[in-house]
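Colleague: Heads up: the protein sequence lines correspond to chains G and X, in order.
The numbering of the first sequence is this note's numbering, which starts it at 1 and goes up by one.
The numbering of the second sequence is this note's numbering, which starts it at 1 and goes up by one.
All the given hints hold, so there is nothing to weed out.
Stretch-level coverage of chain X by chain G, calculated; a stretch enters the list once three of its residues show a Cβ under 8 Å from a Cβ in chain G:
1) 172-180
2) 242-252
3) 274-287
4) 296-306
5) 321-327
Residues from chain X that keep clear of chain G, each with C-beta distances beyond 10 Å, as calculated:
6) Ile-149
7) Leu-201
8) Ile-215
Since the hints were derived computationally from the structure, they do not count as laboratory data.
Every residue, glycine too, gets a C-beta built ideally from N, C-alpha and C.
One-letter residues, chain by chain:
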Amino acid sequence: MKKPDDIANMMSRRTALLGLGGATIFSVLASRLYYLQVTRAEDYKVLSDKNRFNFNTVMPERGQILDRFGIPLATNKQDFRLVLVPERVKNVDVALERINRILPLSEPTRKRIRKDIRKKAKFIPVLIGEHIDWPIFSKLNINLPDLPGVIPIEGQGRHYPHNGVFAHVLGYVGKPNPAALKQDKDTLLRQPTFRMGKTGIEQSHDKNLRGSAGLKKVEVNAVGRTVREWDSDKIPATSGNDVWLTLDSELQTYAAALFGEESGGAAVIDVATGELRTLLSMPTFDGNQFVLGLTNKQFKELDTDPRRPQFNKVIGGGYPPASTFKMSVMLAALEHKVITPEEKIFCTGKLHLGNRDFHCWRRKGHGLMNMHNALKNSCDVYFYEVIQRLGMDKVKPFAEKIGLGQTYKLGLGGQTKGVVPDPDWKKTRLGNSWRTGDALNASIGQGFVLSTPLQLAVMAARIANGKNAVSPFIVVGEEIPTPEPLDINPEHLLLVQEAMHAVCEVPGGTAYRPDGLGIPGVEMAGKTGTGQVRGISAAERLTGVLKNTVLPWKLRDHSIFVGYAPYDNPRFAACVLVEHGGSGAKLAADMCRKILGRALERDGVSGTGEPVVLGDN
Amino acid sequence: MSHHATNRTLFGKLVDINWLLPVLILLIGSIGIATIYSATGGGWNLGAKQHFVRLMVGMLFMLLIALTDIRVWYAMAYPGFICALILLVGVELVGVSVNGAQRWLDLGFVRIQPSELMKLAAVLALARFYHDLPHWRVSKPVGIIGALIIVFIPVALILHQPDLGTSIMLAATGVTIIFLAGINWRVIISSVIMAAIAVPLFFAYGLKEYQRARILTFLDPERDPTGASYHIIQSKIALGSGGVSGKGFMQGTQAALKYVPENRTDFIFTVIGEEFGLIGGLSTMALYILIIGVCFWLAGSIKQVFSRLLIMGLAVTFSLYVLINLAMVMGLAPVVGVPLPLISYGGTVMMTVLAGFGIILSAHLYREIELPRGSGLLL
Chain G
1 MKKPDDIANM MSRRTALLGL GGATIFSVLA SRLYYLQVTR AEDYKVLSDK NRFNFNTVMP
61 ERGQILDRFG IPLATNKQDF RLVLVPERVK NVDVALERIN RILPLSEPTR KRIRKDIRKK
121 AKFIPVLIGE HIDWPIFSKL NINLPDLPGV IPIEGQGRHY PHNGVFAHVL GYVGKPNPAA
181 LKQDKDTLLR QPTFRMGKTG IEQSHDKNLR GSAGLKKVEV NAVGRTVREW DSDKIPATSG
241 NDVWLTLDSE LQTYAAALFG EESGGAAVID VATGELRTLL SMPTFDGNQF VLGLTNKQFK
301 ELDTDPRRPQ FNKVIGGGYP PASTFKMSVM LAALEHKVIT PEEKIFCTGK LHLGNRDFHC
361 WRRKGHGLMN MHNALKNSCD VYFYEVIQRL GMDKVKPFAE KIGLGQTYKL GLGGQTKGVV
421 PDPDWKKTRL GNSWRTGDAL NASIGQGFVL STPLQLAVMA ARIANGKNAV SPFIVVGEEI
481 PTPEPLDINP EHLLLVQEAM HAVCEVPGGT AYRPDGLGIP GVEMAGKTGT GQVRGISAAE
541 RLTGVLKNTV LPWKLRDHSI FVGYAPYDNP RFAACVLVEH GGSGAKLAAD MCRKILGRAL
601 ERDGVSGTGE PVVLGDN
Chain X
1 MSHHATNRTL FGKLVDINWL LPVLILLIGS IGIATIYSAT GGGWNLGAKQ HFVRLMVGML
61 FMLLIALTDI RVWYAMAYPG FICALILLVG VELVGVSVNG AQRWLDLGFV RIQPSELMKL
121 AAVLALARFY HDLPHWRVSK PVGIIGALII VFIPVALILH QPDLGTSIML AATGVTIIFL
181 AGINWRVIIS SVIMAAIAVP LFFAYGLKEY QRARILTFLD PERDPTGASY HIIQSKIALG
241 SGGVSGKGFM QGTQAALKYV PENRTDFIFT VIGEEFGLIG GLSTMALYIL IIGVCFWLAG
301 SIKQVFSRLL IMGLAVTFSL YVLINLAMVM GLAPVVGVPL PLISYGGTVM MTVLAGFGII
361 LSAHLYREIE LPRGSGLLL
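Please model the entire structure based on the sequences and the hints provided.
Modeller: Here it is in structure tokens:
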């Protein structure tokens, strides 16, 4: 048996052993602490900051699109949105149900949200709803403590004032599609509230309008709630640049009001520079509907309207220029000396060619016509005769010189070149040979000839300018190439100008009005055109050609007018085309006179224009 | 000598108390108050005040226990153990569940945690057992089985609650006392071999799913970065980001922003490490080592088996709190829910620990008193 001292010694030994063990463990712990706090300190500091900070993207404000006077055509409006950060939400269904109690979410919306959550990284906010009413939005804000991961955003939404008068020029914005996301690596595009330009200026100048994202460093706690914002580490968003257009919003609104329910296009162009004061396609649509998301009904309405509101007719619509094409023929005839201005041709009302009659618009004929009167009265038979001497291949270069058969550097999609036909064109495009009948039709701007209202306005501008082949442009500040010289004999141009003057200002001219432009002392020049959209059979001619008023809308003639003013010192040229609007001498001529008059008034030539608000009628 | 001890006045006893220990306790407790204040974002009423009150009351209580004659504790060793055992069984039958573990017993006026009581009672009982047991029987079947009964019946009951942390602590404390009591190396070695066989079996069948998950997570923290191992990863980030000198008092972000869960209770060391860095962490550890060292030193000055094993047992319990908690916070041990004594917020553990120190001080204060032997309950 051991003595108490032995036992005490044994215990002391074992206590020492235990102490040694304890000391070892404490050393291990101390080394571990050293490892964590010294060796790995930097790594953990980074992780700690990652924990603490979120870098939230600050959305830039999209640049405005302004008219020439700075009046906003596309602007931004306060918009309330709700987003959800999936990684901060435990159960998406529960979260959506809670939101649903305040902001009703339809089943398709929920489906879309779930799809977005699946597709994107968990930390990227997913849009729940936008354009939320203020009462609902404030209610959501109050209930935020019950909605973890849900973030209300007071943002900017695109807004288009002016009732869609500029819809075709501006285009609209929408969510980036997958192709855009693939092509464009800008992080902005990945933000749920980002909208990019889809058409028009919004699209062509998107990069400029878009701006660049900023970053906001926010300190968040473990549940993701922002504790404070770090202003010192904030990279502010750079707002997009404003884009100024050459358009005069008042003038364009006035032109749109003149169209009323009619369909077509109008362009007003500065004769000296090529600036577009108006570029209008009617009827138009409301870009705001596209921003908010079209309802099925709205989409159907737009899609089934026979007047095709979404179609940008003024630059994309190819129409027979009809008699407005005669200036090209006249210039070519003078250049190639196939006829002198004095030589007279007798118009019986029709020209017989082969087994077909080619009619003049005036069935009883014009009688003896010299060149001046032929254009003034728009005698078709005169031009049938001229084109037979000339050949369409000679006309084509002149038509192109004055602006037809081409697109311009407008920065707008959807332009069409139109057609200025000649034998080569027909051979390559249609595979059969040119016939005299084709030339006859082309000489009066029918048949294969197609041009846009903008091209016709440019044509009028170049004729009026006389020296330079001005090209139209719509965005202020973009480099405009100095116009090429027009390279047409000024004497020939003068003859054309005089005849166009007679059309408007001399009694008997197809567009003569006693009070002219409506501005005392200011005269204008112009040319009417009545674009036929149907073939008129010989049988119908016998019984009398049907009046436009008795024809279905789709079959009525297009009413076209081109003109410029003032005659002696041209400022503006314009074209008005009213689809199925009947005779060009009437509707289009009247509208174009008014528009040119208003343009001159607005330019200080005379008086001040009364503002016109669209949508009153 | 015994004559001297028994005839001391109250003042004399107070003077004779080892005051180094209370001073160290007060120091560590104060660290606790400051850290809780910081962890709750500077809220005096969010825990710091309660911690202060508990520390004061607890230390008063500790001194009362210290002044109580060691023979009282000696006499109460077995009845106290039986009481604690009955309460543990009571928990099994009518206990209150908190967070999925049945640990609390509602006595109407107060809720107690019998497993905490058992930490003291088992040490007292085991010390008494070895005090009564003739030394030559320590490694004999009766000695081994008797000790195992005292240790493992409560361990089994506590494990069933389930409370893995307390079970481990109790088992480890018991084994340490058995070791100190002088059990044969032969028995020790064969036990280790048996444990090597039993532990895997225990892991497979003796643990609850979440306990197993915690251990697996500890072994492979990447298993579930948001679930169980979230604790460990976030607490390592908190410590690591503190660096050498820390972010400064009240400047911690991990804990203040609630990334570290339980930051004023089990994971409070992360706040110290984050705000005071390696310097603060090592200083805190040094204070603990000092306390434990003082206890070991006090134990070494006593020849009586009961008092000596009692002090050692309670010191080991305290050390285990510290070691397991630190290892857990630093990602070296599974998250088992052991608080950092005197610093973590929580009344029960504070009372257990301070009561333990009271008994240690008592054993030291009355070290000269001869305790009878062989008059135990069992032998």
